[in-house]
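Student: In case you want the letters, here they are:
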Amino acid sequence: MFGNMTGKDWLLFIGFTIVVLTAPIWLTPLGAAYPALMQKFCIFAIFAIGFNILFGLTGYLSFGHAAFLGVGSYAGVWMFKLFSMNVVISTVFALICSGLFALVIGYISLRRSGIYFSILTLAFAQMMYNVAYSVLTPITNGETGLQLSLSDPRHLDRALGVSESIGLPRTSFFGIDISGGGMPGFYFCAVLLIICFFLSIRIFRSPFGMMLRAIKSNQMRMKYTGFNPKPYLLAAFVISGLYAGLAGALMVATDPLAGAERMQWTASGEVVLMTILGGVGTLVGPVIGATLIKYFENIFSAFNENALNVTFSFLPADIRELIVELASLFVGEGWFLTLGLVFMIVVIFLPGGIMEGVGRIKALFSRKKTQDDAAQGSVVAAE
Amino acid sequence: METNNNVVLHVADVNKSFGGLKALTDVDLSVREGTVHAIIGPNGAGKSTLLNVCIGRIPPDTGHVIFDGTTLDEITPHEINQLGVSRVFQTPEIFADLSLLENVMIPAFARRDGAFKFNPIRALAAEAEIREQAESHLEDVGLYAKRHTEAASLSRGDKRRLEMAMSLIQSPRLLLLDEPTAGMARHDTNTTIELLKTLKDRGMTKVIIEHDMHVVFSLADRISVLAQGRIIAEGTPDEVRNSPKVKEAYLGESQE
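So the protein lines, in turn, are chains U and H. Quick note, the first sequence lines up with residues 138 to 520 if you use my numbering. Quick note, the second sequence lines up with residues 106 to 361 if you use my numbering.
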């Protein structure tokens with residue numbers, strides 16, 4: 138299973154692993170080295186990697202992937218309530234549930250392609266969001282959100298005599314406390330992110346991955362070549378649904394509270410933005426997109442008018458007021474305005490996302506280098 | 106059916122209309138195993154429609170297409186291909202975003218693994234056998250040197266040759282060729298004829314639609330002439346060449 142990856146891919150994987158595990162170090166100067174935020178980076182990176190397996194490889198744009206995130210979250214919390222605070226049990230059950238949902242929704246939505254597929258997935262996600270708020274309140278606890286309570290049975294924990302702490306129990310990985318803003322929680326998410334990234338490389342480099350790209354390129358040709366595209370698409374859909382379910386499970390593993398709002402269409406849209414911003418169909422692009430969006434969301438939404446006044450305090454009062462007024466449109470609640478603008482700029486100038494930008498810079502340097510080499514060569518020849 | 110024991114493809118009384126336009130009228134055609142069967146006719150005679158009916162792209166209004174005992178108009182395109190029927194299209198249908206090598210490897214996988222195989226963890230690089238096969242087929246059509254380039258960058262003639270390699274790697278029992286040399290330079294046309302001739306030795310049955318009489322008469326064992334959706338003549342190249350009906354309907358027209 139571990140053989141047959143090219144040297145370049147291994148380099149990428151090892152580099153990725155190092156970058157992720159050392160995040161607490163290199164994020165310190167950026168002011169983002171606290172575990173709760175780093176957990177968020179990992180969770181959304183997993184979500185985006187999985188989304189990219191569907192969107193990046195097959196070109197099928199799902200607008201309802203947050204639904205699987207929500208399913209994973211609810212399933213996870215229910216395991217905490219019913220059986221055990223061990224995150225392994227909750228995560229496995231979340232994967233099973235989100236996988237089943239993805240199978241059904243994917244099977245139906247994939248009867249259509251293009252915009253109709255997107256609309257179908259969006260319709261399913263919105264339906265689930267509304268149902269979670271209304272009919273399914275006994276399961277989802279409606280607007281309050283599903284949370285732990287002292288009266289939960291936790292049969293397995295009770296049977297095994299896991300010691301009861303005072304107050305609400307905390308999630309754990311075989312005794313290691315995962316919940317809250319602790320470093321163990323970050324490392325738990327980070328290791329799963331690394332595994333997910335590894336699997337994504339394998340999928341990209343497999344015959345299966347090539348078939349998905351071929352479906353994106355020319356689905357009709359696939360049929361006349363003897364392939365049935367449907368099961369390929371469904372498999373990709375379920376895999377990306379599983380990634381989303383895992384992200385949902387990790388959300389509740391680090392903070393055991395599940396609300397329906399994480400199934401809303403804005404959440405589905407966000408993962409589309411992350412993937413496109415980073416680079417659709419690239420391996421690292423979605424990770425970069427997810428991290429950047431979550432990082433800047435954290436910074437921009439924390440700003441308010443007071444903070445702006447402090448920032449621009451060196452300016453004369455009149456100009457300051459004007460600038461603060463203008464800038465406040467883009468921060469706090471207005472963060473989505475900033476995100477929208479950045480997104481438009483990227484899509485117009487770098488349709489391949491940040492990874493295309495990186496590629497262009499690389500090409501610029503290598504061209505320079507070959508030119509230098511050529512120049513040197515001609516000098517040598519002249520001599 | 107005793108008389109048909111050697112017939113591999115049987116188009117039985119096919120009719121097809123598009124709106125008010127009758128594209129195919131009572132077309133009955135038998136292609137014998139191991140032969141090259143050419144279908145000629147003036148523009149708009151219904152040649153491409155006939156091929157599209159054969160591969161399940163267009164369902165016939167009445168009648169059937171039977172390949173080796175299986176009625177093709179009742180099954181899906183990928184099932185038709187899995188039976189051993191492959192097609193080269195009039196406008197090249199390739200995977201434009203993929204490399205030439207990948208373009209040719211994909212049909213090889215279809216041949217080996219069937220219509221679906223879930224192998225997301227297996228490395229593509231480990232499929233040495235398929236890759237070598239693809240490389241040798243690219244060499245056959247003279248595209249080996251470009252194997253790592255994106256297929257979109259090819260010229261039209263090269264795209265056709267790539268598509269040919271994509272079909273040939275499947276060693277189909279029946280190969281349907283829709284104007285395989287259209288848009289090719291004379292030299293390329295001759296190489297393509299040579300390539301198709303070597304296939305004849307391998308016993309592959311071919312149905313070929315072609316405008317170029319040079320190609321048709323140098324390749325075909327039998328020729329059917331289609332005009333206004335009807336088969337007006339059928340026979341050996343010499344018989345067809347000398348048929349007054351054909352001269353009137355087709356050859357006369359092309360000499361204008």
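Just so you know, the hints here were simulated from the structure itself, not pulled from any lab data. Any given hint could be a false lead.
Said to hold, decoys possible - Simulated restraints on C-beta separations:
| hint | chain 1 | residue 1 | chain 2 | residue 2 | range |
| --- | --- | --- | --- | --- | --- |
| 1 | H | I180 | U | W147 | 43 to 49 Å |
| 2 | U | N267 | H | T254 | 22 to 28 Å |
| 3 | U | P368 | H | G149 | 34 to 40 Å |
| 4 | H | N295 | U | M481 | 38 to 44 Å |
| 5 | H | Q333 | U | I245 | 53 to 59 Å |
Backbone N, C-alpha and C fix where the C-beta goes; we use that ideal spot for every residue, glycine too.
Student: Just tell me: holds or violated, for the beta carbon distance of P368 (chain U) and G149 (chain H) against 34 to 40 Å?
Tutor: 39 Å, holds
Student: At the C-beta level, are N295 (chain H) and M481 (chain U) separated by a distance inside 38 to 44 Å?
Tutor: Given range 38 to 44 Å: violated, Cβ gap about 53 Å.
Student: Using the C-beta atoms of N267 (chain U) and T254 (chain H), is the stated range 22 to 28 Å upheld?
Tutor: Roughly 50 Å apart at Cβ, these two residues miss the hinted range, so it is violated.
Student: Take the C-beta atom of Q333 (chain H) and the C-beta atom of I245 (chain U), compute their distance, and say whether it sits inside 53 to 59 Å.
Tutor: 45 Å, violated
Student: Quick one: are I180 (chain H) and W147 (chain U) within 43 to 49 Å, going by C-beta?
Tutor: 44 Å, holds
Against the hints set out earlier in the document, violations occur for numbers 2, 4, 5.
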